[in-house]
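4 protein chains.
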Amino acid sequence: MSSEIGNKLKVSLFGESHGRGTGVVIDGFPSGIRIDDEKLLSFTARRRPGRDKTSTARREDDIPEVLSGILAGVTCGTPIAAVIKNTDQHSGDYKNISHEARPGHADYTGFVKYRGYNDVRGGGHFSARITAPLVFAGGLCLQYLEQRGIYIGAHLASVAGIKDEKFDPCRVTKEELLSPGHKKFPVIDDEAGEMMREEIEKARLDGDSVGGIVEVAATGLPAGLGSPIFDTVEGRLSYGYYGIPAVKGVSFGAGFGASAMRGSENNDEFYMEDEVVRTRTNNHGGILGGITSGMPVTAMIAFKPTPSISKPQNTVDYVENKDTVISIKGRHDPCVAVRAVPVVEAVTAVVLMDMLLEEGIF
Amino acid sequence: MSSEIGNKLKVSLFGESHGRGTGVVIDGFPSGIRIDDEKLLSFTARRRPGRDKTSTARREDDIPEVLSGILAGVTCGTPIAAVIKNTDQHSGDYKNISHEARPGHADYTGFVKYRGYNDVRGGGHFSARITAPLVFAGGLCLQYLEQRGIYIGAHLASVAGIKDEKFDPCRVTKEELLSPGHKKFPVIDDEAGEMMREEIEKARLDGDSVGGIVEVAATGLPAGLGSPIFDTVEGRLSYGYYGIPAVKGVSFGAGFGASAMRGSENNDEFYMEDEVVRTRTNNHGGILGGITSGMPVTAMIAFKPTPSISKPQNTVDYVENKDTVISIKGRHDPCVAVRAVPVVEAVTAVVLMDMLLEEGIF
Amino acid sequence: MSSEIGNKLKVSLFGESHGRGTGVVIDGFPSGIRIDDEKLLSFTARRRPGRDKTSTARREDDIPEVLSGILAGVTCGTPIAAVIKNTDQHSGDYKNISHEARPGHADYTGFVKYRGYNDVRGGGHFSARITAPLVFAGGLCLQYLEQRGIYIGAHLASVAGIKDEKFDPCRVTKEELLSPGHKKFPVIDDEAGEMMREEIEKARLDGDSVGGIVEVAATGLPAGLGSPIFDTVEGRLSYGYYGIPAVKGVSFGAGFGASAMRGSENNDEFYMEDEVVRTRTNNHGGILGGITSGMPVTAMIAFKPTPSISKPQNTVDYVENKDTVISIKGRHDPCVAVRAVPVVEAVTAVVLMDMLLEEGIF
Amino acid sequence: MSSEIGNKLKVSLFGESHGRGTGVVIDGFPSGIRIDDEKLLSFTARRRPGRDKTSTARREDDIPEVLSGILAGVTCGTPIAAVIKNTDQHSGDYKNISHEARPGHADYTGFVKYRGYNDVRGGGHFSARITAPLVFAGGLCLQYLEQRGIYIGAHLASVAGIKDEKFDPCRVTKEELLSPGHKKFPVIDDEAGEMMREEIEKARLDGDSVGGIVEVAATGLPAGLGSPIFDTVEGRLSYGYYGIPAVKGVSFGAGFGASAMRGSENNDEFYMEDEVVRTRTNNHGGILGGITSGMPVTAMIAFKPTPSISKPQNTVDYVENKDTVISIKGRHDPCVAVRAVPVVEAVTAVVLMDMLLEEGIF
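Protein chains in written order, with the working numbering: chain X, 1 to 362; chain E, 1 to 362; chain G, 1 to 362; chain B, 1 to 362.
No lab work stands behind these hints: they were computed from the structure.
Careful, some of the hints might be misleading.
So these bits of chain B aren't anywhere near chain X, every CB distance computed over 12 Å [to be verified]: (1) 28; (2) 99; (3) 269; (4) 322.
With the Cβ distance kept under 8 Å, some of the chain X side facing chain E (calculated, not the full set) [claimed, not checked]: (5) 112; (6) 116; (7) 181; (8) 191; (9) 212; (10) 230; (11) 256; (12) 268; (13) 291; (14) 304.
Yeah, the Cβ is synthetic: ideal placement off N, Cα and C, and Gly gets one too.
Okay, chain X solo, but in the shape it has when bound (with noise of 0.2 Å):
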């Protein structure tokens, strides 16, 4: 029963929707790194609503105060924290559906769960906007790795069926991994983000939305990390994930893919490189037995679309135990994925940070 993740370096979330601000709690985070915090700031601005039509009109600056552990732009090694204030809110548009359980949200499930005790006001502690402070949070594990040659990145590899080309598995380099999160549509082809978000259009005018995929990537991660059995990269990567709204999938390397080949095909031969032992492909996503390989790490991570739509829909009173049909106003993005691309990159941050720590490594 925890907004928490981590075992050395623990991230502990809090905060609803419409209370008084979100925020976090970053215990173990190593002191003497230099925290950059036009970068940071550039970061968490990525996940802000209303960078593009495709998102949500609602505007909140989202900037986070630190009340601790960093001092004059260098971490003290003590807990950090940080708090961002809510600024923006329209509890009326929430008003009348206080009991009727939108369909493909936590409504029902957190009310059986908090036993009706909780803000359900936007979404309250269920609300993508928790994960403004997790940003934050990944924001400078990102610093810290990228000090130390490890790069993370993410794209939108699919939305509506859509496909974005893919990261060179073998080959990526920074400036390719860092690319799409520069752009106001992250994407690698322009082109496919343009038709991306076409469809993202379309299906808001018809009062709907749409899923998609990110693709996510990390470079420069040494070899031996994680473990077999049950801390694995896969493992801790995935239950990360699954803290982001909306996923409803994660896979490494061939993913699913992989099942339908014949073990000749998904083998990754290895081979000597300078010295180093590489594969020519990369269809292990850069994770055997649990544990890096040396070759980037790469997921796949599958968002449901919005279940905010506008659509009138069947649905239950759950404290009146009786069907209902409601009609969800607001504000929404059509596509969550969008705007999640940032948030991958976060907890992949976030996890392989807390892993490098654990293990001693740097």
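Model the placement of chains E, G and B on the given structure of chain X, informed by the hints.
This is chains E, G and B only, laid out in the frame that chain X set:
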């Protein structure tokens, strides 16, 4: 760096393929649970090699010796320890490959992680043999859950691209769930099963292997189990599934398919039936906001093809740091997914029981 | 490397003495618990500086601002975050000692641990100020426990060698438990208290300080809480108590005294009273085999004298690596044990509530 | 609810006194550590019953069988499992006391906790026999630490009120630390030891028992280990010590004595010696702010007298819920503290090694 899973119910695995034995300590199993020995043995027998020509000819009894925690067939509440002695070892088969990285295996990554000190015979701690004590632990958990009306079943959803039927995601019965496990080849549709077996046999004759997908479902879970953010049912189960060798993808409900749907298609409408809140479809896989809805929990687990194939493969000698060619001898399952079916059930049981105990349910 | 405690109820503290503020995130607090604000404030006020001339003249309001997890006075079940802003800071007082190790303080050990990057002003994260949010968290837990008939109280068992009476270990009432906390000076016997105050004042005038012992007791706990081996009630509570600055010893029941007894003297005879199993004496401090017996849990917590004294002391400059002499200025409690009384109660409440939740009791 | 200790180095104990055996799984022990078998056996032999007339006449070999994780005398990095079979059981001795609560024992509390299902023969999982595999685990950790210049030694600081000398808290040498453990009766001053033995023998002849205190010290630890707030060295060690049956008090450095001192007396002055920061006295027990200072870590652990005495005692039958009188038969150590000396060393080693690994030291 851990072969242990669980917060309140801790399952700690040990052992190497060609060492003295493998085993498990289960800490936190409640007292007073009557264990049906025969049922337990028949469950553990399901992952045993040699049940069917599609699996390795290696035979062992895999009979767990219980050292503590169970007295006169009833659990004591104290740690349950069980040891499975290794009886059938052909270490000679592996002698010639000791420093040649078998493609798709963890030889190289294990070498880096353990700095060359791990026992590599037969895959050592990376061997699928470690799933024998895991299945023993899962068998205990399954009995605990069944005594509380919770049933878990799995089957081969696909092998080499050939698809089995799927469980009815909304109305699967206990009998339907458990039926594949009682068959020699764990499928719903025996005709599909026959075709799968043919593909497996074909691969074996080619000195090759095939991948597969296992579908698992759990019924009878109360609504309200799990948490938003980081203790989602999806995250916890995934973390466990990746502990099974060869898993490269995990999804829930509509999974990756949801990413190509529209919200109006993917959202599951709620309705009342006999005063219970249900959904008409189950794209959410029984989990919303990380929390169970009371509908069946459904997941897909993708297995890569067995990496051990007898075809010659290019690779490296990671001690000599030079390129070489490897031909793997020995007996190997041409499709690990087949024997993984009860392992998936076991992991599902271990994780769900841990979550139920943690949240004080039952 | 963690400022967090708890398995199911996670209490994560942050902040530095002279930073922007301190605070806490409480993850896992059950939903639906009504919080009495006034009671909470009056509890947190007990550790506040300036209540009495025996404590530092520094004054702050220490009013926690709740950011999440409580709605209209009732807990939501989601993480509760609270921030206490620092308002009264005299950083100047500490400027001249930045690299001189104050004897008995963590200046040098903190410097080594954090490699010189921690905020040392006012003790930074080592400051007793961090107990303010801990007391807030404890106050919430105390209310939860009291609503279930569990009462926790503490008093100064000894200061500078002057002894207070002790709680009746077998029959202490709720009123007797809570009474010292309602006094300005938390003792049972006010005459002893007066003598303690005199000793404290004498030490203060000498530019010196004194140590003390806090006795704490908890009544109303069910028998059966805790575990043999590593999750003993003693081990869990001790782990928490050592989180309070200046604690150097913890014992339960007869404690160190038991080591000089014979078994026939130390063993507590059981008897039946109103169908309840009780003991006639309570040398076991309510815990046998790590598990509660249903008798009051009693512990003694030894505090060293405040290390900040104004007398000149020999020490080192740990940057220049040379011997030097230090004179500590600033305002300091001449006896930390006095204000630690509610902190001991808070830790007791946090740990016991966590254990009760973990074991699914209530 | 856990018989496991450790974050990165997890030590999980199992077994019952009169079951098939006891054992341990050690998860996270680094690879490549050479284990000196003879040294290990000679360490585990120190807690064995029957070394001396002061301990029980029960004899067993307690030879651990290693099932995994060690190959050709070198650790693999994978979990180390060891089993100690029970060979010398006189269950008959305990038959007549099954529902009568032995005063000072966990019969009643265990009955409540495990709802009557635990194996009570010989104390079951509460038996001091469970310390045999713990000592095995500790023996491995001691070798790891010694290879890095860290030495741990303990002795009987007091028995029945008779005091041994204490280790020199500032300048104790490796030889002085290890010397008591090499003696038949683990004291510094053999004359004091002789008097202790006489008191123990006197108690035995009286059908009674005595308590004692064990002093432990660790040298060679780097400064900077541990954390303020909740991961203090004191808190972590205490949590471990309370896992040893019969411990009722733990203190560090001057401990409870510090509570009667003035600050000017208790503060340890720092000085430079050969470019190392040291203190002239060691009232802080090598720990300031929860973090090691580089001075020896010193602790006192108080043991109550063995609760098993042959004198008749009033008690209850907790099944019949009525008062009764009990006379305990069987063989028992009249002073558990004697054999606890190596157990205290073992726990110290397990906890400190876990903390060193966690913080990435070595």
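Against the structure, the hints come out as follows:
no., hint, verdict
1, 28, "violated (9 Å)"
2, 99, "holds (37 Å)"
3, 269, "holds (27 Å)"
4, 322, "holds (41 Å)"
5, 112, "holds (4 Å)"
6, 116, "violated (11 Å)"
7, 181, "violated (20 Å)"
8, 191, "violated (19 Å)"
9, 212, "holds (6 Å)"
10, 230, "holds (4 Å)"
11, 256, "holds (4 Å)"
12, 268, "holds (6 Å)"
13, 291, "holds (4 Å)"
14, 304, "holds (4 Å)"
Violation of the numbered hints given earlier is confined to hints 1, 6, 7 and 8; the remaining hints are satisfied by the structure.
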